Amino acid sequence: MSNHRMPLVNIQNLSKSFGQGDAQVDALKQISLQVYPGEVVGLLGPSGSGKSTLLNIIGCILEPSSGRMELDGQLVYDGGWRQKDLRRLRLDSIGFIFQFHNLLPFLNAAENIAIVLELAKVSPDAARQRAMDLLKYLQVEHRSETAPSRLSGGEAQRVAIARALANKPRIILADEPTAALDSERAGVVMDLFRKVAAEQNATVLVVTHDEKIFDRFDQTFYLRDGKLVQDD
Amino acid sequence: MNLAAHDIRHNLGRFSLTCLGLSLLLGLVLSMVGIYRGLVEEALSLSRAPEADLWVVEAGKKGPFAESSRIPGDTREIIASLSTVAASGSITYQSVETTHNEKKIRLYMVGYEPGRPGEPANTIAGRFITRGHYEMLADIKSGLSLGEEVRLGRNTFVVVGLTQNQVSSGGDPVAYITLQDAQRLQFELEPPVARREAERGTAPASRDIINAVVVKVATGANPERVVQSVSRWKHLTGLSQSIQEDILIKSVVDKSRRQIGLFTVVLLAVSSVIISLLIYTMTMDKRREIATLKLIGAPDSIIVGLIVQEAVAMAVIGFSLGALLIRLTKNYFPRQVILMPEDGLSLACAVLILCVLASGMGVRLALKIEPAVALGG
Numbered sequence: 001m002s003n004h005r006m007p008l009v010n011i012q013n014l015s016k017s018f019g020q021g022d023a024q025v026d027a028l029k030q031i032s033l034q035v036y037p038g039e040v041v042g043l044l045g046p047s048g049s050g051k052s053t054l055l056n057i058i059g060c061i062l063e064p065s066s067g068r069m070e071l072d073g074q075l076v077y078d079g080g081w082r083q084k085d086l087r088r089l090r091l092d093s094i095g096f097i098f099q100f101h102n103l104l105p106f107l108n109a110a111e112n113i114a115i116v117l118e119l120a121k122v123s124p125d126a127a128r129q130r131a132m133d134l135l136k137y138l139q140v141e142h143r144s145e146t147a148p149s150r151l152s153g154g155e156a157q158r159v160a161i162a163r164a165l166a167n168k169p170r171i172i173l174a175d176e177p178t179a180a181l182d183s184e185r186a187g188v189v190m191d192l193f194r195k196v197a198a199e200q201n202a203t204v205l206v207v208t209h210d211e212k213i214f215d216r217f218d219q220t221f222y223l224r225d226g227k228l229v230q231d232d
Numbered sequence: 001m002n003l004a005a006h007d008i009r010h011n012l013g014r015f016s017l018t019c020l021g022l023s024l025l026l027g028l029v030l031s032m033v034g035i036y037r038g039l040v041e042e043a044l045s046l047s048r049a050p051e052a053d054l055w056v057v058e059a060g061k062k063g064p065f066a067e068s069s070r071i072p073g074d075t076r077e078i079i080a081s082l083s084t085v086a087a088s089g090s091i092t093y094q095s096v097e098t099t100h101n102e103k104k105i106r107l108y109m110v111g112y113e114p115g116r117p118g119e120p121a122n123t124i125a126g127r128f129i130t131r132g133h134y135e136m137l138a139d140i141k142s143g144l145s146l147g148e149e150v151r152l153g154r155n156t157f158v159v160v161g162l163t164q165n166q167v168s169s170g171g172d173p174v175a176y177i178t179l180q181d182a183q184r185l186q187f188e189l190e191p192p193v194a195r196r197e198a199e200r201g202t203a204p205a206s207r208d209i210i211n212a213v214v215v216k217v218a219t220g221a222n223p224e225r226v227v228q229s230v231s232r233w234k235h236l237t238g239l240s241q242s243i244q245e246d247i248l249i250k251s252v253v254d255k256s257r258r259q260i261g262l263f264t265v266v267l268l269a270v271s272s273v274i275i276s277l278l279i280y281t282m283t284m285d286k287r288r289e290i291a292t293l294k295l296i297g298a299p300d301s302i303i304v305g306l307i308v309q310e311a312v313a314m315a316v317i318g319f320s321l322g323a324l325l326i327r328l329t330k331n332y333f334p335r336q337v338i339l340m341p342e343d344g345l346s347l348a349c350a351v352l353i354l355c356v357l358a359s360g361m362g363v364r365l366a367l368k369i370e371p372a373v374a375l376g377g
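From first to last, the protein sequence lines are chains A and B. The opening position of the first sequence corresponds to residue 1 in this note's numbering, with each subsequent residue numbered one higher. The opening position of the second sequence corresponds to residue 1 in this note's numbering, with each subsequent residue numbered one higher.
Simulated from the structure, these hints should not be mistaken for lab results. One or more hints might be untrue.
For each label pair, taking beta carbons as the anchor points, the in silico distance ranges come out as [as the list claims (entries may be wrong)]:
no. : chain 1 : residue 1 : chain 2 : residue 2 : range
1   : B       : V270      : A       : E211      : 28 to 38 Å
2   : A       : S152      : B       : S301      : 28 to 38 Å
3   : B       : E342      : A       : D92       : 31 to 41 Å
4   : A       : K29       : B       : L24       : 54 to 64 Å
Stretches of chain B that chain A covers, calculated by requiring three or more beta carbons in the stretch to come under 8 Å of a beta carbon on chain A [what the hints assert, rightly or not]:
no. : region
5   : 3–16
6   : 286–294
7   : 297–311
8   : 359–372
Owing to the predicted nature of the structure, the values given are computational and were not obtained by experimental measurement. Beta carbons are placed, not taken as given, at the ideal position from N, Cα and C, and that holds for glycine.
Isolated chain B, as found in the complex (with noise of 0.2 Å):
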């Protein structure tokens, strides 16, 4: 006779909304970690975009991403004609704010070169940029739709195609536009500031700055020996794409990252202390029919196995209830909230473990409470 699953069945209802409370709890866990993934996923996202095998940034900068790099736009010029480069583009970075439909958006822009490296992998609709202006990629997040059109500057750009999942490591939006276009957007000057500038006798500044060009090597080379023969160039420096995302994660994301990281393992600590009090409620609770079973002869292992099945029970109802919560929620928050299954299967061991652990508090009590217990009226 399993006296766990009687039990549970007894006060149902009482279990249910503690299960309930736990998976809530764990649920936010969950989400916590699944943030955390995200934030590191969306800081990479659009490093990988280009599916690049090394960056060639300003020299001494850890750019584009980390640091700002801004080196002449023949840069790709003479990185292509390096023997172990196969493909180059040139590509640059900037945020913008604008309205649209009279709601402030946030875009993260990127100028590239339609045709080569830079541009994204794929577009969930529409299509690829075709025309040399004022057409433009979005991501899905930025709600923008098809054919909308958005104010960007001085111009007006139409929405072509839609990529998902393309964010910065702020959270924004990626927008992607022609290189010229990119260019005039960052470096066009308004024309009150163009003129007072004309006005000062300040020689126009060349407009042909990139911040980075993205590098394909050719089938074969080391991706390594072509940084070394970039760093020939004294004002250039190559990372490496492995480079490039440590870069993003150990300084872009990574007070975030540890921010939420931390946060993480308290709300764990948290919820350890949660169960424990619950499994040790729920153990007092029982204190006279502990009594009675040990006055009837049960001996310790069934009484033990009481309390451990019903921790058991509460810790996988309420990680599988909290799971189901944030695989059903996670589309809602606004930053991407990746559930991975490894992630999922450590916290799932880990409030397993901690539940038979927290039960260890309520088993001590109930192997203390004495068979005598059940004869007080």
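Okay, chain A solo, but in the shape it has when bound (with noise of 0.2 Å):
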């Protein structure tokens, strides 16, 4: 998909290796790959492939072995960390899905979504709002005083999901996110991050195998050892 406006995620000649000398693995070689906003992009490949390590550099919790990334117009990495603070800019600028959901399990619902807000100085009152609000985008504002471990796996999915959107981040990572659902539910959460990436002019990356939801991105990134196969 070609495109003219600014890419949220810009990814040049980035390479990650692991090890020194002859220990040394190359993880990911040279990657350079663009998502603009409103789209829903696959990132594939085999275990060991490198998706997690990519998923994990874009997050900004992994550091490069060297190459150029820009997060929502902003460079983030050229040769070293450009950004002071990069747990500010993943608590504004990206939100994350994981495979279990990774709830906190000692707060409900609604207060696992507002936790973030309230991270990003958001009043409780007005975070406890938004909380509600996103859960009932996600229609499951019925279940927002129950423990994680109370929730369905697709509840538990839509106020993870809820939570990742909570700070209205312009780049949502899901790692594995319909691994855990059926097909019926897997298809529920795709349609949810394509109406997320629409609405809120966003782009949703998500690493996956699950074969279910193939046909569902706007790009598909394959990576093989380390490297990058585009398919459109």
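Can you join these two chains into the complex? Each is in its own frame, and there are hints to help.
Here you go:
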């Protein structure tokens, strides 16, 4: 998909190696990719191909070895981190969705969303209101006071998506978000991603093995042995 | 949003059990401090009971508690003749063991002269000794009741009054009888022994022996000056009350005191290791949650707060429960357990500091957790 808009994720010649000398493993080799607002993008590949490494780098939790990365128009990495406060960048610009939802077990559904907003200095009342709005948007408002352990897999994943959307990030990274769901629920989650990407002018980058959703992406990137193969 | 409070509420059962375990441990530490205090208090209680300013004992002896002291019974009259002495009383001490209601009881007998220094300050039941013979005041810990009769030596004594917190440094309850009865109990020989001594031609030994004279000095008189006056009699030594207490603490109960003190230190050290491990384990159990918090952008201060606040909550609840437990059970200990507010406060502060320091290990671990841990399957 060609695009004249500014990419939300812009990666140029990114490499990542682990270890040194003979023990060096090149997890990513000269990766370049651009992801644009409104897109739902798939990142596919066999185990060990470097998908999670790339996701961690885009999520600013793993430092690349070389290359350049811009997120939401900001230069984040260029031979070294170019942003002083990566935590703040994650909080404001990036939303994470996990395979096992990773909701904090000691907070109920609404609190799991509100915590993200409170971390961004939103007042507790406003955070609570936004959490309720998001739960309503994702049609799980009736479970707002429920502990994560009492939510069904689909409900928990919706709450996790609501949490990822809380601060209105423009980049949403999802790691195997449908792996624990059946086809129907996986389809609902993908519909939600598409809705969020469209309505919030955001991008959703999905790492997956799940063949059920292979045909649901605007762009699909294949990673093989640390190298990227794009498939439009 | 207070994450620590939410986490505690979520794991309430486990947190409560942890606090309960910690409270038992801290209760044990507190009880040791209380036993230590009790030991010192018990050792001093007997020397404080006569409310004396100084003690007159056998020359060169640290009597009557740390060493034996035997002085003639007329010593009191000599001491009373000093113008700086307001009142004085002869006194004897001895341990006896007898049976009462088919149970063995040990008593620390004090012989005193009613109306003179040496008698207990008050009774909690009954009255003081008024008759010349065979009446007894007993500490409530002896298990004796008013009106009960106790066989001591060749005579039977009636309990006419009860005292409280009057025990010897060995923990035996104290019983008071008249000086004459005490001297008879201490020095009167059993008939077969007396007959044997008579057949050997041994002259009967004087029974008019006492262990000490307790002295109250006249108003305005300096006890040290009285001690100097007493020392002019070469067969006597004067010990001020403060020196007597010092002897008791540094000689009589010194080893027990040090033993308990050292054991308390060991217990505190063990407690600190256990507290550290508890907090470390609690943090280990939250690795994934901490990684998730980091991933969603929580600053380190939030994560440090989560761990430290839980550690502080554990310290406060554990200590409070432990203190309550010991407060409720202290009277069931065979010897006195004295809980001083300053000891409780010191231990509470120590435990709080310990928990905060111990949480440092957990904090270190938490800060090392990579956000990527949350992404793992």
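Quiz item: Can the region 3–16 of chain B be counted as covered by chain A under the rule of three residues or more with Cβ-Cβ separation shorter than 8 Å?
Solution: Satisfied; 6 residues make the cut.
Quiz item: Within the region 286–294 of chain B, is the number of residues with a Cβ closer than 8 Å to a Cβ of chain A three or more?
Solution: Three-residue rule met by the region 286–294 of chain B, so holds; n is 5.
Quiz prompt | Outcome of range test on Cβ distance (B/E342, A/D92; 31 to 41 Å) | solution = Cβ of B/E342 to Cβ of A/D92: about 52 Å, so the range 31 to 41 Å is violated.
Practice problem: Confirm or reject the coverage of the region 297–311 of chain B by chain A under the rule of 3 or more residues with a beta carbon closer than 8 Å to the chain's beta carbons. | Solution: Contact hint for the region 297–311 of chain B vs chain A: holds, 4 residues under 8 Å.
Practice problem: Look at the Cβ atoms of A/S152 and B/S301 and judge whether their distance stays inside 28 to 38 Å. | Solution: 35 Å Cβ-Cβ, so the 28 to 38 Å window holds.
Quiz prompt | Cβ separation of A/K29 and B/L24, checked against the hinted range 54 to 64 Å | solution = Distance hint for A/K29, B/L24 holds at roughly 59 Å.
Self-check item: Coverage assertion for the region 359–372 of chain B with respect to chain A, Cβ distance below 8 Å, three residues required
Solution: holds (count 3)
Quiz item: Per the hint of 28 to 38 Å, is the separation of the Cβ atoms of B/V270 and A/E211 within bounds?
Solution: Taking Cβ atoms as reference, B/V270 and A/E211 lie about 57 Å apart, which means the hint is violated.
Of the numbered hints given earlier, the model fails hints 1, 3; all others are met.
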